[in-house]
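Just so you know, we're using the numbering used here here: the sequence shown kicks off at 4 and counts up by one.
Rather than coming from a laboratory, the hints here were simulated on the basis of the structure.
Possibly wrong hints are sitting among the right ones.
Said to hold, decoys possible - With a Cα cut of at most 20 Å, we get these calculated EDC-like pairs of lysine to aspartate or glutamate: (1) Lys-18 <-> Asp-8; (2) Lys-125 <-> Asp-28; (3) Lys-125 <-> Glu-16; (4) Lys-18 <-> Glu-138; (5) Lys-58 <-> Asp-75; (6) Lys-54 <-> Asp-75.
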Amino acid sequence: MTLIDHLSNFIFELKIKQFPLETIDQLRLHIFDSLGSLMLGALTEEANVHKELIKNFISSNDDNYIPVIGFDLYAPLPYATMLSSIATRLTETDDIDISSCITPGSLIVPSALSIGFFVGAKGDHFLESVMAGYEVMTRLGAAVDGAHIIYKGIWPTYLFATIGVATVLSKICGFSLE
Numbered sequence: 004m005t006l007i008d009h010l011s012n013f014i015f016e017l018k019i020k021q022f023p024l025e026t027i028d029q030l031r032l033h034i035f036d037s038l039g040s041l042m043l044g045a046l047t048e049e050a051n052v053h054k055e056l057i058k059n060f061i062s063s064n065d066d067n068y069i070p071v072i073g074f075d076l077y078a079p080l081p082y083a084t085m086l087s088s089i090a091t092r093l094t095e096t097d098d099i100d101i102s103s104c105i106t107p108g109s110l111i112v113p114s115a116l117s118i119g120f121f122v123g124a125k126g127d128h129f130l131e132s133v134m135a136g137y138e139v140m141t142r143l144g145a146a147v148d149g150a151h152i153i154y155k156g157i158w159p160t161y162l163f164a165t166i167g168v169a170t171v172l173s174k175i176c177g178f179s180l181e
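Work out the full structure: start from the sequences and follow the hints.
Dropping the structure here:
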């Protein structure tokens, strides 16, 4: 079995019911903290500049718009997710995992909220996607010694952003193991 097979199995088999209630409560706290960071970040001048920039890239012909969390804007899913992630990071109040030097809430929570809204995810399915995203990002960040590579100019959060969001997407959309 390859490493990618192990990772795929881990993501696919992760179920929220296998975690103690205390862990689930901590996960909910991370979600609400990240949402608070997002809402605060959306009020900044920098976030407004990003919003105006994104408005230049979206077409009025697209009817698959979703609300951008924290903003008075509807946008296609990728732009909605991106702007919400930007707003969350702008506050510097998003969570950090010290051993990996990753701030997973800045990407995982906005992605899960936006993708979840787009596909109509609910309850445990939503929580599983957030848990899986956090676990994949922080474990990979720790594996590459994120707390030290950051001093070499490699930002662990950005290094694993794509795989973290892909993890969220695969869990929320219920992709098969294959």
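- 20 Å Cα cutoff - pair Lys-125, Asp-28: Judged against 20 Å, a Cα distance of about 17 Å means the pair holds.
- Task: Quickly compare the C-alpha distance for Lys-125 and Glu-16 to 20 Å and report which way the hint goes.
- Result: Holds: Lys-125 and Glu-16 sit about 18 Å apart, inside 20 Å.
- Please work out if Lys-54 and Asp-75 have their alpha carbons no farther apart than 20 Å. Distance ~10 Å between Lys-54 and Asp-75 Cα, so the pair holds.
- Message: Next pair to validate is Lys-18 with Asp-8; report whether the Cα-Cα distance is within 20 Å.
- Response: Holds: Lys-18 and Asp-8 sit about 18 Å apart, inside 20 Å.
- Task: Quickly compare the C-alpha distance for Lys-58 and Asp-75 to 20 Å and report which way the hint goes.
- Result: Within the cut-off at roughly 11 Å; holds.
- Message: Can you confirm whether the C-alpha distance between Lys-18 and Glu-138 stays at or below 20 Å?
- Response: Holds, at roughly 12 Å.
Against the hints set out earlier in the document, no violation occurs for any number.
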